[in-house]
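J.: Next come the chains, spelled out residue by residue.
Number of protein chains: 2
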Amino acid sequence: MTLIDEIKKRTVHVDASIEDMLPVTHPEELYKASRYLVDAGGKRLRPAVLILAAEAVGSTLESVLPAAVAVELVHNFTLIHDDIMDKDDVRRGMPAVHMKWGEAGAILAGDTLYSKAFEILSRVENEPERILKCMDVLSRTCTEICEGQWLDMDFERRDRVTESEYLEMVEKKTSVLYAAAAKIGGLLGGASDEVAEALSEYGRLIGIGFQMYDDVLDMITPQEVLGKVRGSDLKEGKYTLIVIDAFRKGVELEVFGRGSATQDETENAVKILYECGSIDFVQNLAISYIEEGKAKLDALEDCPEKDLLLQIADYMISRNY
Amino acid sequence: MTLIDEIKKRTVHVDASIEDMLPVTHPEELYKASRYLVDAGGKRLRPAVLILAAEAVGSTLESVLPAAVAVELVHNFTLIHDDIMDKDDVRRGMPAVHMKWGEAGAILAGDTLYSKAFEILSRVENEPERILKCMDVLSRTCTEICEGQWLDMDFERRDRVTESEYLEMVEKKTSVLYAAAAKIGGLLGGASDEVAEALSEYGRLIGIGFQMYDDVLDMITPQEVLGKVRGSDLKEGKYTLIVIDAFRKGVELEVFGRGSATQDETENAVKILYECGSIDFVQNLAISYIEEGKAKLDALEDCPEKDLLLQIADYMISRNY
Numbered sequence: 180m181t182l183i184d185e186i187k188k189r190t191v192h193v194d195a196s197i198e199d200m201l202p203v204t205h206p207e208e209l210y211k212a213s214r215y216l217v218d219a220g221g222k223r224l225r226p227a228v229l230i231l232a233a234e235a236v237g238s239t240l241e242s243v244l245p246a247a248v249a250v251e252l253v254h255n256f257t258l259i260h261d262d263i264m265d266k267d268d269v270r271r272g273m274p275a276v277h278m279k280w281g282e283a284g285a286i287l288a289g290d291t292l293y294s295k296a297f298e299i300l301s302r303v304e305n306e307p308e309r310i311l312k313c314m315d316v317l318s319r320t321c322t323e324i325c326e327g328q329w330l331d332m333d334f335e336r337r338d339r340v341t342e343s344e345y346l347e348m349v350e351k352k353t354s355v356l357y358a359a360a361a362k363i364g365g366l367l368g369g370a371s372d373e374v375a376e377a378l379s380e381y382g383r384l385i386g387i388g389f390q391m392y393d394d395v396l397d398m399i400t401p402q403e404v405l406g407k408v409r410g411s412d413l414k415e416g417k418y419t420l421i422v423i424d425a426f427r428k429g430v431e432l433e434v435f436g437r438g439s440a441t442q443d444e445t446e447n448a449v450k451i452l453y454e455c456g457s458i459d460f461v462q463n464l465a466i467s468y469i470e471e472g473k474a475k476l477d478a479l480e481d482c483p484e485k486d487l488l489l490q491i492a493d494y495m496i497s498r499n500y
Numbered sequence: 180m181t182l183i184d185e186i187k188k189r190t191v192h193v194d195a196s197i198e199d200m201l202p203v204t205h206p207e208e209l210y211k212a213s214r215y216l217v218d219a220g221g222k223r224l225r226p227a228v229l230i231l232a233a234e235a236v237g238s239t240l241e242s243v244l245p246a247a248v249a250v251e252l253v254h255n256f257t258l259i260h261d262d263i264m265d266k267d268d269v270r271r272g273m274p275a276v277h278m279k280w281g282e283a284g285a286i287l288a289g290d291t292l293y294s295k296a297f298e299i300l301s302r303v304e305n306e307p308e309r310i311l312k313c314m315d316v317l318s319r320t321c322t323e324i325c326e327g328q329w330l331d332m333d334f335e336r337r338d339r340v341t342e343s344e345y346l347e348m349v350e351k352k353t354s355v356l357y358a359a360a361a362k363i364g365g366l367l368g369g370a371s372d373e374v375a376e377a378l379s380e381y382g383r384l385i386g387i388g389f390q391m392y393d394d395v396l397d398m399i400t401p402q403e404v405l406g407k408v409r410g411s412d413l414k415e416g417k418y419t420l421i422v423i424d425a426f427r428k429g430v431e432l433e434v435f436g437r438g439s440a441t442q443d444e445t446e447n448a449v450k451i452l453y454e455c456g457s458i459d460f461v462q463n464l465a466i467s468y469i470e471e472g473k474a475k476l477d478a479l480e481d482c483p484e485k486d487l488l489l490q491i492a493d494y495m496i497s498r499n500y
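So the sequence lines, in the order shown, correspond to chains A and B. The first sequence begins at 180 in our numbering and counts up by one. The second sequence begins at 180 in our numbering and counts up by one.
Chain A with its partners taken away, still in its complex shape:
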């Protein structure tokens, strides 16, 4: 069985649980708007990490399913609100939620997913102390995601962003949810605090690698594969580490922040970023984060699920989109 099959084998239950735990009920349009992006797919990597972490410490998929759903809903909530804030009109190859239901509808669809996530997590059957710990992890994570998105938006107003500022932003905006997924899986599975912490670090590190590689993919993947306009980060003036590295090398990027740049101009900018070594720099840094993350799993006993978690780490920097 391939990694994708192993993930699917588990996330098919996540999908069924979403149907169950977030039914399209009255008021129907609100729940349709809330479900729209969730149902549009996505790789379900976060719930997969959560489930595998639980299994790796001796628990079962069934006992952590609501938690896996909660983490996926939080992820989708952040996408919906981010797309409004970033004025990204296409997501997963489809119109963003705010394009279909308006900004007000999208704000509310996101808010609904947010509260549903906590509602569903509180419904896990487990020791109350453990569930409470998970609630604490998830709520702190959500706060950090907000901080990360704020930093990201703040970067747009600035002339210069440093590598360490970028790293803080990526850690908060993206990687903490992977950390939370792995840690919650561990905690609900009965892991010791030490193992739960190692799982959290695994998630954090591969999450950073994931986002760095995502920034690379945004520049080099054709639109029909990416599901959104390629190089959009560049034209939007987003400070990815690729751009930060290029700027500190003194490279000039005329298209940066120029929304009207043509496809040809963007292609040319990508070529420049290749030639100055910035794309390779970030790709290599992503690889080192992934390796560091994998090393954290030494805290786990050898088992097929540990192996799958290692494979997910590698997948982060080998996927095509």
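Bear in mind the hints are in silico, worked out from the structure with no lab data behind them. As the structure is a prediction and not an experimental result, all values here were calculated from the model. Don't take each hint at face value.
The list that follows gives simulated cross-link-like pairs (lysine to aspartate or glutamate, EDC-like), each with its CA atoms no further than 20 Å apart [as the list claims (entries may be wrong)]:
#1 B:Lys312 to A:Asp265
#2 B:Lys279 to A:Asp265
#3 B:Lys312 to A:Glu308
Here the structure of chain A is known, so what remains is to put chain B in place on it, guided by the hints.
T.: Leaving out everything else, chain B in the frame of chain A:
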């Protein structure tokens, strides 16, 4: 000591805890935006109800303070997002959050308060089972608030809204948070399920009365007292029960939904609503909800805090703004 003094005596601790539990930290502007409306005042009725409910069943203010803060933050989160959605630019006599930090900033400030509320609630010192029950109450409540706001927005697109639809909207949008405040206070205070349920019903019923009276106040209170333009509901085409009642009586309201209506035209519409009895109808209905809510407190032993909860119920329909 007057009721206001008794409330203040308690909420001064809520204010201090907010300073403590939601410090203005990095990234500073995000936390300033999150604190802005919270610090702008408000009557702190929800935390007061929560604290009094806990005290009435034998607990102390200190032991429920984080929960009281959590409920106040949820309230402010909903105000921030509602003001974006409803395009209300003034709140508590000051520019709304989105007027100062933009819509993206306000979305994020609200999201931050949302997660902070759950973070803070999970930090209450109490039996894990009880805290978990409160988490469940608060998250379900947040979901219902979203449903209520959706219904409210949906009404704007409709030609006709019935009394029962209005009641569902008000119950979800406003009264469930009063219900949650009273119930959480009771639960953390160690109340039986029966008493906690009675407290919840008290909150729900006085919350409905509160909102109905609020709709009355919106029409009859001068701008300098209300802190926002008087009659704005009417001009915005909001289906309050006053309007629903007038319409079913066949009254014509030419200013309804006409944002350009002058002050004189609005005054005249209010006069019509008085004369047709719709304002009295809603005011009397509000009174009956308040009385029903007060009766629920028969489940409590007599004590000074029960008396204060009864006074709060009366205050809901006697306040000037």
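J.: So, for every hint listed, does it hold in this structure?
T.: Structure-based check of each hint:
This hinted pair does not check out: Lys312 of chain B and Asp265 of chain A have alpha carbons roughly 36 Å apart, beyond 20 Å. Proposed proximity of Lys279 of chain B and Asp265 of chain A is supported: the alpha carbons are some 18 Å apart, at most 20 Å. Simply put, Lys312 of chain B and Glu308 of chain A have alpha-carbon atoms about 12 Å apart, close enough for the 20 Å limit, and the pair holds.
Of the numbered hints stated above, the single one contradicted by the structure is hint 1.
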